[in-house]
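Make a model of the complete structure from these sequences and hints.
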Amino acid sequence: MARKPGGVPGGGKALWRALGYLKRYRADAFGAVAALVLASAASLAAPQMIRLAIDGGLGKRRFHVVLVAVGGLVAIAIARGLLNFLRGYLAEKASQGVAFDLRGALYERIQRLSFSYYDQAQTGQLLTRLTNDVEQVRMFVGTGVIQLVAAIVMLVGAAALLVLLNPPLAVVALVAIAPIYLLIRAFVARVGPLFMRVQATLSKLFSVLQEDLQGLKVVRAFRGEAREAARYGRENEELLGLNLHLVTAISRNFPYVNFFANLGTLAVVGFGGYEILHQHLTLGELLAFNSYLAFLLMPVMTLGFIASLISRAGVSGVRVFELLDTPIELTDAPDAVPLPPLQGRVEFDDVRFRYAGAEKEILRGVSFTAAPGQTVALLGTTGSGKSTITNLIPRFYDVTGGAVRLDGFDVRQVTQASLRGQIGVVLQEALLFSGTVRDNIAYGRPAATLDEVREAARAAQAASFIEGLPQGYDTVVGERGVGLSGGQRQRIAIARALLTRPRLLILDDSTSAVDAQTEAALQAALDRLVKTMSCTAFVIAQRISTVRDADLILVLDDGRIAAQGRHEELLATSELYHEILSSQLRSGTKKNAA
Amino acid sequence: MSRRPGSIQAMAAMIEEQPQDRGRVLRRLVGELKPFRRAIAVGLALVVVTSVAQGVAPWVISRAIDRDIVGHRSLTGLGWSMLALFAIYAVRSLAQQAQTLSISGSGQRMLAGLRQKLFEQMQRLPLGYFDRHPVGDLMSRVVSDVGTLNQFLSQGLSQLVGAVFSLAGILLAMLLLNARLALVCFTLVPVMLLTTAVFAARARTAFRKTRETVGEVTADLQEGIVGIREARAFNRTDLNLERFRARNAANRDANVAAVGITSAFSPALDVLSTLATALVIGYGGWLAWNRQLSIGLLVAFLIYVQEFFRPVQIAASIYTLMQSAFAGSERIYAILDETPEPLDESGAVELGSVAGRITFDHVVFAYDEGRPVLRDLSFDLAPGKLVAVVGRTGAGKTTIASLIPRFYDVASGAVRLDGRDVRGVQRESLRRQLAIVPQEPFLFAGTLADNIAYGQPGATRDEVEAAARTVGIHGFIAGLARGYDTVIGEAGGTLSHGQRQLVAFARAVLADPRILILDEATSNVDTRTEALIQEALATLLAGRTSLVIAHRLSTIRHADVILVIDHGRLVEQGAHDELLEAGGLYAELVRKQFREAPATQALVAPA
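Keeping their order, the protein sequence lines are chains A and B.
Its first residue numbered 1, the first sequence is counted upward by one per residue in the numbering used here.
Its first residue numbered 1, the second sequence is counted upward by one per residue in the numbering used here.
A hint or two may mislead.
Unchecked claim - Covered by chain B, according to a simulated footprint, are these stretches of chain A (three or more residues, beta-carbon under 8 Å):
#: 1; segment: 67-80
#: 2; segment: 211-224
#: 3; segment: 569-583
Said to hold, decoys possible - Computed cross-link-like contacts, EDC-like style, restricted to lysine to aspartate or glutamate with a CA-CA straight-line distance of at most 16 Å:
#: 4; chain 1: B; residue 1: 117; chain 2: B; residue 2: 338
#: 5; chain 1: A; residue 1: 217; chain 2: B; residue 2: 337
#: 6; chain 1: A; residue 1: 360; chain 2: A; residue 2: 557
#: 7; chain 1: A; residue 1: 204; chain 2: A; residue 2: 235
#: 8; chain 1: A; residue 1: 531; chain 2: A; residue 2: 549
#: 9; chain 1: A; residue 1: 217; chain 2: B; residue 2: 409
#: 10; chain 1: B; residue 1: 117; chain 2: B; residue 2: 337
#: 11; chain 1: A; residue 1: 23; chain 2: A; residue 2: 101
#: 12; chain 1: B; residue 1: 117; chain 2: A; residue 2: 237
#: 13; chain 1: A; residue 1: 13; chain 2: A; residue 2: 325
#: 14; chain 1: B; residue 1: 385; chain 2: B; residue 2: 560
#: 15; chain 1: B; residue 1: 385; chain 2: B; residue 2: 418
#: 16; chain 1: A; residue 1: 13; chain 2: A; residue 2: 322
#: 17; chain 1: A; residue 1: 204; chain 2: A; residue 2: 237
#: 18; chain 1: A; residue 1: 360; chain 2: A; residue 2: 558
#: 19; chain 1: A; residue 1: 217; chain 2: B; residue 2: 428
#: 20; chain 1: B; residue 1: 117; chain 2: A; residue 2: 225
#: 21; chain 1: B; residue 1: 117; chain 2: A; residue 2: 235
#: 22; chain 1: A; residue 1: 531; chain 2: A; residue 2: 551
#: 23; chain 1: B; residue 1: 117; chain 2: B; residue 2: 32
#: 24; chain 1: A; residue 1: 23; chain 2: A; residue 2: 55
#: 25; chain 1: A; residue 1: 217; chain 2: B; residue 2: 341
#: 26; chain 1: B; residue 1: 592; chain 2: A; residue 2: 225
#: 27; chain 1: B; residue 1: 209; chain 2: B; residue 2: 253
Treat the hints as calculated values from the structure; they're not laboratory data.
Remember, it's a predicted structure, so these values are computed and weren't measured experimentally.
Don't be surprised by glycine CBs; every beta carbon is placed ideally from N, CA and C.
Next up, the structure:
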């Protein structure tokens with residue numbers, strides 16, 4: 001039965017794999033099944049007590065037997081209560097444990113997937129798999145499996161018992177309920193694909209939601225509220241439609257499972273009556289058989305009920321393991337060595353790069369060498385490949401041709417942790433995490449002392465505004481960095497990078513929202529820092545004031561280095577550099593000089 | 001678990017919602033079902049049919065045994081009985097099918113309605129609300145909390161309704177059979193109610209905790225996914241995993257604890273039901289002993305007592321689902337009960353096409369009380385001008401840009417467009433006059449064309465291209481294999497930051513606003529491209545007001561008016577030349593940007 005649930009390819013396999021996660025909690029799981037079986041046994045004993053009270057007590061007018069029976073009944077109830085509690089509690093413990101492990105494994109996978117995966121993936125899609133799909137699998141592992149095991153045990157046991165009791169009647173009963181097998185099979189085949197579509201639509205719905213929440217300001221500014229609601233409404237409608245299909249499928253399944261189960265009773269009574277009339281059977285035998293028939297029909301009806309649970313879990317299992325099996329493209333090479341403390345020599349050797357799925361090469365043979373302690377400025381038109389170069393140094397992506405070397409080590413030959421541990425990166429978009437300002441600055445070095453955090457903030461020219469906040473470094477900033485301006489957020493991001501005491505610093509246009517005055521101070525502080533720590537720095541900036549003092553300026557044009565050198569050299573040799581400068585300095589300098 | 005200041009827990013604690021009255025939540029949920037009352041009434045009627053069929057079938061069987069098999073020994077009679085039984089079973093299955101369709105169908109429709117309501121409410125909540133609530137937590141309410149209701153409705157509700165009906169029937173039968181014995185049995189009912197109340201109170205807090213922790217897990221997930229690049233760059237992966245493990249474990253433990261309570265509930269009722277059976281045997285036995293009750297009646301009574309507790313057991317078994325659904329509903333209603341952005345004032349008029357005069361009149365504004373960002377800011381900008389707003393980081397520039405489209409309301413003073421207070425006009429008509437290019441460009445998952453046409457969904461491809469040409473991104477887009485139909489991811493995929501800014505810019509251009517607000521819209525665009533944009537814009541924006549926030553001199557130098565903001569106040573105002581002459585803050589800012597400028601000037605000046 002469990003081999004082909006879901007009605008979707010891989011559904012059964014996914015469920016078996018999910019069950020594998022129960023291994024760590026096998027004590028709990030076995031405990032739950034055992035408690036269920038024992039509780040059922042206790043239930044079987046209760047009628048015996050009642051019979052004892054009536055037949056042995058009242059019938060024979062021995063009142064103390066009645067009392068014994070009452071006592072026995074209460075004892076059984078307490079034992080059964082305890083067992084039922086254990087069953088529920090242990091099943092939850094095991095299934096929550098499985099959900100915990102699955103979610104943890106998924107989160108770990110997500111944390112380790114390569115950047116190119118995130119260039120394509122939607123947050124809402126991932127969130128759905130980690131929450132809703134995991135929950136479906138959990139319900140299967142918790143309630144589903146235990147009910148399934150118990151149902152199968154009871155089914156086999158009851159069938160065997162009935163065959164022993166009266167083979168002809170048993171055959172009649174089993175034949176009558178046989179269509180149930182076909183019903184459930186057809187049902188599973190039908191709802192499997194439906195569940196697949198439900199989960200996919202759910203993902204889409206949540207992606208719309210997540211996107212709407214993330215882009216809230218744009219939505220409001222462009223009066224997109226009604227259109228967003230309509231877009232969401234379309235997915236919601238589709239989801240409703242699918243859910244109604246499901247309801248229809250379910251409504252066509254379990255009532256008829258029950259119908260055929262009842263037909264079993266009918267067949268037994270009918271055929272049994274016929275047999276009695278022909279003196280092949282006694283009434284007592286028929287009644288006994290009939291009462292045991294209930295033990296066969298109950299698990300059958302349970303199966304009808306949990307069939308949809310299992311199908312759904314199969315679908316969710318496929319989705320969960322699909323994410324879990326997404327290959328991590330960038331892994332440490334088997335013979336990767338830790339990168340020794342960096343001197344800071346950076347070499348690009350005929351580097352070519354193309355983003356996954358893009359037809360155009362972003363870098364088309366870039367070569368340069370930066371000496372330790374140099375400040376390298378990257379200049380070029382939008383989309384010329386500046387950020388891409390800085391993304392290749394910490395190996396956020398792998399080159400598609402050529403090599404990137406640090407101190408002569410190919411970045412693919414060293415461990416990622418040792419590589420990134422020595423590089424401080426300030427990304428273009430200054431993302432803050434919910435937490436305090438201090439937590440945010442100490443993101444890369446959570447153990448840093450407050451003094452160290454302060455020092456980094458001072459160097460990033462962030463100390464004065466942070467100290468002006470109501471709770472200073474303990475001020476809570478939300479995920480949107482409430483109340484902080486773009487420039488302030490950027491400076492916190494810079495402090496974050498400085499605190500890691502990087503041997504190589506990458507600033508990707510990270511002062512674009514900072515005013516000129518603050519930037520000048522920041523520049524001076526960074527210069528001092530870079531000199532004292534003799535760290536190599538890569539700076540992308542549009543402003544000439546940031547670029548001009550660099551030891552090496554790389555002028556990029558359409559994925560190639562058009563010119564490189566110092567400011568003065570480039571002024572003399574590069575037409576393009578000249579052009580870029582003039583676009584910035586036109587008229588402004590005249591006034592300034594005046 | 002310790003509550004580190006500033007953690008998501010602390011944030012959640014800050015915004016913790018008031019627990020709601022459970023009865024009220026229930027009434028509201030029932031209220032949600034109102035539009036489907038006809039379907040539900042039909043469903044309930046069918047439940048009665050099902051229950052009756054369920055009750056009649058055993059009677060038909062017993063009658064067949066007594067009369068046809070044992071009594072008349074008639075094969076034909078047996079045949080008829082079996083035929084009747086078949087009919088009853090068939091009716092019951094059909095009724096069950098119809099009942100599932102009507103009740104579960106209504107449940108699904110109600111859920112879809114709730115999901116839609118939640119989304120629409122989120123479209124109306126003031127922006128300040130989202131500054132305080134993590135996106136992940138809000139998502140968790142639409143995802144998981146509505147999910148708990150779904151589970152309850154699809155798995156529990158029909159069973160519960162059926163159980164309640166059979167309960168009523170059995171009560172009646174017991175009273176009719178022997179009132180005295182029945183009443184003795186009912187003495188346990190108050191105990192049962194008390195037990196339920198005790199468990200409900202505990203379950204309530206426990207399940208609220210499970211919903212809160214799942215919100216925290218989702219918030220952490222969401223942040224983990226959005227901040228993946230930072231995590232990787234700062235080698236934070238292991239630490240993030242550990243932090244997530246803690247939240248994940250908190251959620252697991254909360255669930256296990258909550259189910260611990262509900263798992264104990266069902267056995268407690270079981271013990272009670274057995275006590276009732278024992279009571280019947282004890283007291284009933286005593287009655288039978290004294291010949292006041294026949295043994296047959298006693299047996300019947302025993303069956304009824306057990307039947308009586310079966311629906312109670314069913315109710316108990318879906319207790320977990322019910323409690324979870326309640327806790328989820330509380331969180332759903334917490335959002336629906338938030339005050340939405342104040343509606344347009346009753347006298348709000350539609351703002352026609354404006355000339356573009358922008359007036360700030362003694363504006364005071366604070367995101368957090370006690371920390372004013374704008375303090376008594378006043379200025380008056382003539383229509384059709386290019387206005388630059390400059391100032392140090394954190395001076396309040398972006399805030400100014402946010403007040404014009406009324407993203408937030410001023411604390412005191414007024415913002416006016418063409419002399420009209422923005423609070424006195426319809427929001428929609430106000431925002432139609434404006435277009436904003438925000439600091440961080442946000443692109444939607446979809447094609448480039450859709451993104452550019454976001455403010456003008458009806459725009460033709462030609463118009464989209466024209467806008468893209470204006471901001472100088474047409475060449476790039478046309479060079480892509482699929483051109484404007486290239487699908488980009490939610491984060492903008494592999495477009496560079498500058499390119500994303502340009503797409504956002506094109507979006508604003510296409511919206512054809514009377515007032516254009518550029519909040520560092522080109523900060524990551526190279527200066528050559530920017531110069532081209534400026535030229536193109538100059539003709540396009542002739543006669544329209546544009547407000548530009550920028551640090552780059554090349555961006556602001558052409559402005560008709562420059563507003564210099566410092567600490568939320570206007571400190572200088574004038575044209576570039578005048579302000580340089582004045583030698584104030586602006587002159588200082590410019591000097592800082594062009595320190596040592598004269599060295600290059602000689603070379604560049606002729607250009």
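Each hint, compared with the structure:
Beta-carbon proximity to chain B at under 8 Å applies to 9 residues in the segment 67-80 of chain A; the threshold of 3 is reached and the given coverage holds. Taking a C-beta to C-beta cut-off of 8 Å, the segment 211-224 of chain A contributes 14 residues in contact with chain B, enough for the three needed, and the coverage statement holds. Beta-carbon proximity to chain B at under 8 Å applies to 7 residues in the segment 569-583 of chain A; the threshold of 3 is reached and the given coverage holds. Distance hint between residue 117 of chain B and residue 338 of chain B is fulfilled; the C-alpha atoms sit about 13 Å from each other, no more than 16 Å.
Only pairs whose Cα atoms come within 16 Å are accepted, and residue 217 of chain A paired with residue 337 of chain B is rejected, the gap being roughly 22 Å. Under the criterion of a C-alpha separation no larger than 16 Å, the hint pairing residue 360 of chain A with residue 557 of chain A is consistent with the structure, at around 14 Å. For the given pair, residue 204 of chain A sits about 7 Å from residue 235 of chain A by alpha-carbon distance, which is consistent with the 16 Å threshold. For the given pair, residue 531 of chain A sits about 13 Å from residue 549 of chain A by alpha-carbon distance, which is consistent with the 16 Å threshold.
Distance check on the hinted pair: residue 217 of chain A and residue 409 of chain B sit about 15 Å apart at the alpha-carbon level, within 16 Å; holds. A hinted pair counts as satisfied when its Cα atoms are at most 16 Å apart, and residue 117 of chain B with residue 337 of chain B qualifies at roughly 11 Å. Proposed proximity of residue 23 of chain A and residue 101 of chain A is supported: the alpha carbons are some 11 Å apart, at most 16 Å. Distance hint between residue 117 of chain B and residue 237 of chain A is fulfilled; the C-alpha atoms sit about 13 Å from each other, no more than 16 Å.
The suggested pairing of residue 13 of chain A with residue 325 of chain A holds, with an alpha-carbon distance near 14 Å, which does not exceed 16 Å. Distance restraint check for residue 385 of chain B and residue 560 of chain B: the Cα-Cα separation of roughly 6 Å lies within the 16 Å cut-off, and the hinted pair is therefore satisfied. For the given pair, residue 385 of chain B sits about 13 Å from residue 418 of chain B by alpha-carbon distance, which is consistent with the 16 Å threshold. In summary, the hint linking residue 13 of chain A to residue 322 of chain A is supported, as the alpha carbons are separated by about 12 Å, within the 16 Å threshold.
Only pairs whose Cα atoms come within 16 Å are accepted, and residue 204 of chain A paired with residue 237 of chain A is accepted, the gap being roughly 12 Å. Note on residue 360 of chain A and residue 558 of chain A: the hinted pairing holds, with a Cα-Cα distance of about 11 Å set against a maximum of 16 Å. Distance check on the hinted pair: residue 217 of chain A and residue 428 of chain B sit about 14 Å apart at the alpha-carbon level, within 16 Å; holds. Between residue 117 of chain B and residue 225 of chain A the CA atoms are separated by roughly 13 Å; this keeps the pair inside 16 Å, and the hint holds.
Taking the CA atoms of residue 117 of chain B and residue 235 of chain A, the gap is about 14 Å. The hint holds against a cut of 16 Å. Only pairs whose Cα atoms come within 16 Å are accepted, and residue 531 of chain A paired with residue 551 of chain A is accepted, the gap being roughly 12 Å. With a C-alpha separation of about 11 Å, the suggested pair residue 117 of chain B and residue 32 of chain B falls inside the 16 Å cut-off, and the hint holds. Proposed proximity of residue 23 of chain A and residue 55 of chain A is contradicted: the alpha carbons are some 48 Å apart, above 16 Å.
Distance restraint check for residue 217 of chain A and residue 341 of chain B: the Cα-Cα separation of roughly 14 Å lies within the 16 Å cut-off, and the hinted pair is therefore satisfied. At most 16 Å may separate the alpha-carbon atoms for a hinted pair to count; residue 592 of chain B and residue 225 of chain A exceed this at roughly 43 Å. Between residue 209 of chain B and residue 253 of chain B, the direct Cα distance comes to roughly 10 Å. Compliance with the 16 Å bound is thereby established for this hinted pair.
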